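Protein chains in written order, with the working numbering: chain R, 1 to 159; chain G, 1 to 159; chain V, 1 to 159; chain B, 1 to 159; chain L, 1 to 159; chain X, 1 to 159.
Think of the hints as simulated: they come from the structure by calculation, not from any bench.
Please read these numbers as outputs of a predicted model, since none were measured by experiment.
Please note that the accuracy of each hint is not assured.
For chains that are exact copies, the list does not tell them apart, and a pair is met inside one copy or across any two.
[What the hints assert, rightly or not] Subject to a maximum C-alpha distance of 30 Å in a straight line, what follows is the list of computed BS3-like cross-link-like pairs (lysine-lysine):
{"id": "1", "residue 1": "Lys46", "residue 2": "Lys109"}
{"id": "2", "residue 1": "Lys4", "residue 2": "Lys22"}
{"id": "3", "residue 1": "Lys22", "residue 2": "Lys152"}
{"id": "4", "residue 1": "Lys152", "residue 2": "Lys46"}
{"id": "5", "residue 1": "Lys4", "residue 2": "Lys101"}
{"id": "6", "residue 1": "Lys46", "residue 2": "Lys22"}
{"id": "7", "residue 1": "Lys46", "residue 2": "Lys4"}
There are 6 protein chains.
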Amino acid sequence: MGDKLTHINEDGEVHMVDVGDKNVTQRQAVATSKISMSQAAFDAVKNGNLKKGDALGVARVAGIMAAKNTSQMIPLCHPLMLTKIEISIEPDDTTSSFDIKALVRVEGKTGVEMEALTAASVTALTIYDMAKAVDKSMVIGPTQLEQKSGGKSGDYNRE
Amino acid sequence: MGDKLTHINEDGEVHMVDVGDKNVTQRQAVATSKISMSQAAFDAVKNGNLKKGDALGVARVAGIMAAKNTSQMIPLCHPLMLTKIEISIEPDDTTSSFDIKALVRVEGKTGVEMEALTAASVTALTIYDMAKAVDKSMVIGPTQLEQKSGGKSGDYNRE
Amino acid sequence: MGDKLTHINEDGEVHMVDVGDKNVTQRQAVATSKISMSQAAFDAVKNGNLKKGDALGVARVAGIMAAKNTSQMIPLCHPLMLTKIEISIEPDDTTSSFDIKALVRVEGKTGVEMEALTAASVTALTIYDMAKAVDKSMVIGPTQLEQKSGGKSGDYNRE
Amino acid sequence: MGDKLTHINEDGEVHMVDVGDKNVTQRQAVATSKISMSQAAFDAVKNGNLKKGDALGVARVAGIMAAKNTSQMIPLCHPLMLTKIEISIEPDDTTSSFDIKALVRVEGKTGVEMEALTAASVTALTIYDMAKAVDKSMVIGPTQLEQKSGGKSGDYNRE
Amino acid sequence: MGDKLTHINEDGEVHMVDVGDKNVTQRQAVATSKISMSQAAFDAVKNGNLKKGDALGVARVAGIMAAKNTSQMIPLCHPLMLTKIEISIEPDDTTSSFDIKALVRVEGKTGVEMEALTAASVTALTIYDMAKAVDKSMVIGPTQLEQKSGGKSGDYNRE
Amino acid sequence: MGDKLTHINEDGEVHMVDVGDKNVTQRQAVATSKISMSQAAFDAVKNGNLKKGDALGVARVAGIMAAKNTSQMIPLCHPLMLTKIEISIEPDDTTSSFDIKALVRVEGKTGVEMEALTAASVTALTIYDMAKAVDKSMVIGPTQLEQKSGGKSGDYNRE
């Protein structure tokens, strides 16, 4: 990788970098997050999960919508027409936490790392919102990129 | 605290809970997040910080705007007229990471925990976006509520 | 009721009417909509309803978010800080349709009829989106106001 | 047509379906809605129609903007770069109602049924907003897809 | 007036200033803008003005919606529940230009200068968009605050 | 150029014009604006410029985000996937004003004049917001298109 921030030009000013010359390729990114909570909150969310209007279902919808809204939220992100968004949320009983995974795909000129990371973050934030009446001390993170493919800068796989 | 998810009614359906009977009081919340990165990325962001169009300045703006947009992002959050938003970002040279703190205030019927947490998260995501050309392995978190005051449910201070 | 469109001034120009002198009162509105479909689509949606990521759950979330976004969608609606939003969706087996009811509350200077109608409409549209792979001939409506209370213009109850 | 909801995967979880492998083709959809009202409201709207700041003009603008905003409103809709949006509103004197027709076109990987239906719905809602001081009992609907062309699933024409 | 930028704190960081202690008062602002164009464009816009779907009508709607969206556009603006928005557009035949005036009111803790200025600007931009097929050399401005009342900082009237 | 408003069809109704048959080409637009102010305000903004959380940095971010949001603000603008946005702001000491230049690029079926003009306008509005505590009499404008290339209608260069 380089050692320069691409969003800052030679005059030190921020800008949305030119991707006009980049190729349109199939690009994918996978990001993960985690939210850890008390046993009582964990049980309430899991139980809610079995019902009609479940907490995790709301969080999944929020994550999907956030992915589509990323370029409005992150100032220097390019707008993109995402072709696939999938959020999975797995309970981890041993640590009373939920593991969140967001997968985003696009056929475009820039990668979708930010879309995947934003989706995972907003999914976690929404779970926090749903459960905060039970537990305010929940902790979100680590939130990180797991995998990325497509584009000139090559693939990335977290070790 | 209770043991029930307030956003799910007796039929198990999600709804935006009624806060009509709650009092309008001065409410405040403080949330923190952290983003850890390679030494090269840390240096690039810190140096950018000294210039006109600095990376951390962009992240701060993104966090402030996200706080105002929280009720559009988190499905069951009430709309609120925030009266103050402040984001601070401190470099931690020993761990090549940035500590993010978001403080939000409102005079309203519901708390602003979600606004503070969302602001801190989006600030961190924006730093990731600014520096991802240098380092894709950056890690965000822990993101958590530090302090909350105002409202019937009482104050909260993380121990 | 009057016989004039309040959003058009004496020069015939549209404007957002002045509600500065109106009282802040507790206001509520209930609107309904309906979506009718083939038996196959109805069964698919109802079955989905029993699962983790159910179609009706997504529609309910979309309706709630639309209520909060009404003043951005309907040009002359006043922005409002809604205090309660509840969407219910009931299957009607005899007609293979779903009955949608949206209830919205606010403590404010204007009524929330548009918020309730918008929430009911977007809930129906989202069910259409979820089921359109099975049936494209679904019909939405009637969408109408059922009840309104609060404010100087008095209560309204559909007969 | 199939008998499965495409937005729900094999685990029963909602997701935004992958359209990466679909072809980019010219796609079009036409949807209609209707709003019926009292004679007094109908006259007021029609008269407004002749003036500078007419009610139907506002509704048309709202419908066009809603079409562009569909993927932010309907959770599992793909973002699309619409190439044409046209809304027509015809008064029907015999039933004191307005017939709304929305036509949307795109060159893309998914159809624009939801964009046309959303545009027609928001046009109707905006007419309701403009005329609700005169008549609160107006009824919106039926809202339905009339025609769709382009894409692998073939054309659709309501009979 | 002071000589300091209120949005920058003592550490030189931007923030959304605390208005929690300010009084809720009736506040109003009036801003103006102007768009000058060729005779051909001026005539086309004026003629359009007489028709059903007139250019100035669209611009007026865009200006009203922009006023409501100001806090999402201008990073450090406080969200406000506007109670009145009125846009007037007057043709000036002698200079083939249109004079735009935006009036905004709120009962709140901060002024609405930015809302009025944003409304006037977006109204002008929309006229540009409507007429740019006829004339690309149109000029927007001066855009300025004319009057402001309410709030501790006192009234302002441009001389 | 023609003498007709393309956004108004033969029935006199506004619509978003069909660009489906236009070619995808590399398109660029440059727009400028200007904000003039008192010496005190000018000095405060310029000094802020040297600090960490500088006023001009916030304005630049706001302008970039506005460019991406243009099709949501200007009713008949087509949505576009911008590939480059750059805002420059130059102080002019002799007139205590700032010169704003916005450059936008896209590979698409329509030009980006509105995106460049919107970016320049919102940049100027944000500077106003940052400095209005010092000077409320600031004047924005002229805001105008400087250059445009790409597309069938040919290049434009302001003389």
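Hints versus structure:
1. Lys46 <-> Lys109: between (39 Å within a copy, 28 Å between copies)
2. Lys4 <-> Lys22: Classified as within; 19 Å inside a copy, 37 Å across copies.
3. Lys22 <-> Lys152: both (8 Å within a copy, 23 Å between copies)
4. Lys152 <-> Lys46: Between copies, since 27 Å is at most 30 Å while 42 Å is not.
5. Lys4 <-> Lys101: both (29 Å within a copy, 25 Å between copies)
6. Lys46 <-> Lys22: between (44 Å within a copy, 29 Å between copies)
7. Lys46 <-> Lys4: between (44 Å within a copy, 12 Å between copies)
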